[in-house]
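S.K.: Sequence:
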Amino acid sequence: MRSTWSSARSAVLCGAGLAGALSAQAGFTERVSVGTGGTQGNGVSTFGSLSADGRYVAFSSSSSDLVADDTNRSSDVFVHDRQLQITTLVSRASSGALANSDSLTAAISADGRWVAFESQATNLDPADVNAWIDIYLHDRLTGSTVLVSRGLSGPAGNGESADPTISADGRRIAFESAAADLVAGDTNGRFDVFVFELPAGTVSRASLAGDGTQGSADSGDAWISADGSSVIFTSAAPEFAPLDTNGHHDVFVRVLATGATEVASTSAAGGFGDGPCAYPSCSADGRYVVFSSLAGDLVPFDTNASSDVFVRDRVLGTLERISLGSGSLQGDSGSSNPFLSWDGRFLAFRSYATNFAVPDLNGVPDIFWRDLANDLTLRASISTHDGEADGFNQVFGFSADGRTLAFHSYATNLVNFDTNQSPDVFVRDVWCAVPWCESGPGGGNPAGAPSLWALGGAVPGAATELHAQGAPAHAAGAWVLGTNLLALPIAAAVLWPVPEFVLPATADAGGGAVIALGWPVGAPSGLSVHAQAWFVDPAGVVGLSASPGIWAAFP
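If you count by the numbering used here, then the sequence shown holds residues 1 to 555, one letter each, in order.
No lab work stands behind these hints, which were simulated from the structure alone. Only a predicted model underlies this, so the values are computations on that prediction, with no experimental measurement involved. Be a bit skeptical, because a hint or two may be false.
To be verified - DEER-style ranges, computed between Cβ atoms:
no.: 1; residue 1: S144; residue 2: D343; range: 48 to 56 angstroms
no.: 2; residue 1: V315; residue 2: G154; range: 38 to 46 angstroms
no.: 3; residue 1: P199; residue 2: P155; range: 15 to 23 angstroms
no.: 4; residue 1: G526; residue 2: P242; range: 16 to 24 angstroms
Heads up, the beta-carbon is just placed ideally off N, CA and C, and yes, glycines get one too.
Whole structure, please, built from the sequences with the hints as guidance.
M.R.: Pasting the structure below:
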């Protein structure tokens, strides 16, 4: 089937959507703190974690309308499947019972199976008898939930535990705790960092010097590498490295296989910084360690008197400042909360700097994405059409490839129909294959949505073929095209384009469909074109299934 937009339609096309001119950045912003089918939350949704491929987002929310049986009037931990548009509540007991108090701060494994979280609840595991905040691990495959912050004698530890992080395979969980009975010999009366390990269910302490000496000050900010080999943490304890007399929290790396502990937050010359460090994380293998610091003497030419983000290469022994704008521009205000892609090339971070994006007029911290190899920094806490957020933003997750990041925001203008007046959780696909980008996932059929891709770009006077696959055999449907993004939830799917043009589609015996489109000769540069395929589907929630939305812009 071939369709050429007529000159009349071309006139409509060229007159519509011009305000959505594409900048140098191509990406997509999606709200994920929603119920199955797109229902927006009626409460506060914040911190969580992102699976390696960016498909699953774990987050905490006080919303009661994300799943049908949420009646506990507490904050819970949820997982949203971006591909199937399904949201599930995971802070449950193995019996399925809801938690009897708040659950927060989720961490999800690479494949989305395992979710670690903290909870004040006392009914998630029979061993929880301490009334403190504890760490739990939920298996989304089996539905089981087990206590992680477990004392030597079996019951929960005798102090508060918090801030879990998880290895890629879900086998190791690092967390901080004030409990003194998780391991033998814990006599310092301080917060320490611990590691829980499956399948044995053992707990060990990571915040120790290489010779086993415990710290005399609090340790926290735990982060475990994706491969589970290293635990990164901060501590003001002077026992973990020679000549550590600065009295500040520094960043340390504990190599679990050898028991070695090394400092990561010193200058290239080995000097300790004159300010505290926080928010450490690392690449998948632990080679590159990132953190934020108020120190002004870790690298030369650090003159902004603000917090910056640094990276330590543990192999080469180098330290660099990386919270910079394109062209290595120093920020005019503080940056923190860094996350690295698994290979260490891409960085996500939060910054109050106003000179990393032009114009930056919102007066709130923004989320930035940086390609360290190409000295390129882009603002990520923006709408799909590059509108800056009108509220506070905080990043909490990054995909393995550095393409996708997750953050929560108080902004009301990042997506359409955001009317709940509460912080929400968003995912930003920062870059995509040129010239077509994905607007958002398909849906409608819980078993899987049709796929959609294009052959040929949006080039004036040229043709593009749209290909759909995975529809029911011989299904009737429609190609939906427009020049603006709508993002309207419909049952378990989302209508991504504004439906300015609806053209008939029919799937063949193999569930495929194709249409050839001739683009107008006079299409102006920057004009966006959005496309999606819909099909009649008896297995769909409302008898329909939809492909992902895709979009491109005329050069």
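S.K.: Please check whether G526 and P242 have a Cβ separation lying inside 16 to 24 angstroms.
M.R.: violated, 58 angstroms
S.K.: Within 48 to 56 angstroms or not, the Cβ separation of S144 and D343?
M.R.: The hint (48 to 56 angstroms, Cβ to Cβ) is violated, given that S144 and D343 are roughly 33 angstroms apart.
S.K.: Return holds or violated for the Cβ distance of P199 and P155 against the range 15 to 23 angstroms.
M.R.: Once the Cβ atoms are compared, 20 angstroms apart, the range 15 to 23 angstroms for P155 and P199 holds.
S.K.: Within 38 to 46 angstroms or not, the Cβ separation of V315 and G154?
M.R.: Roughly 41 angstroms apart at Cβ, these two residues keep to the hinted range, so it holds.
Checked against the numbered hints given earlier, this structure breaks hints 1 and 4; the rest are met.
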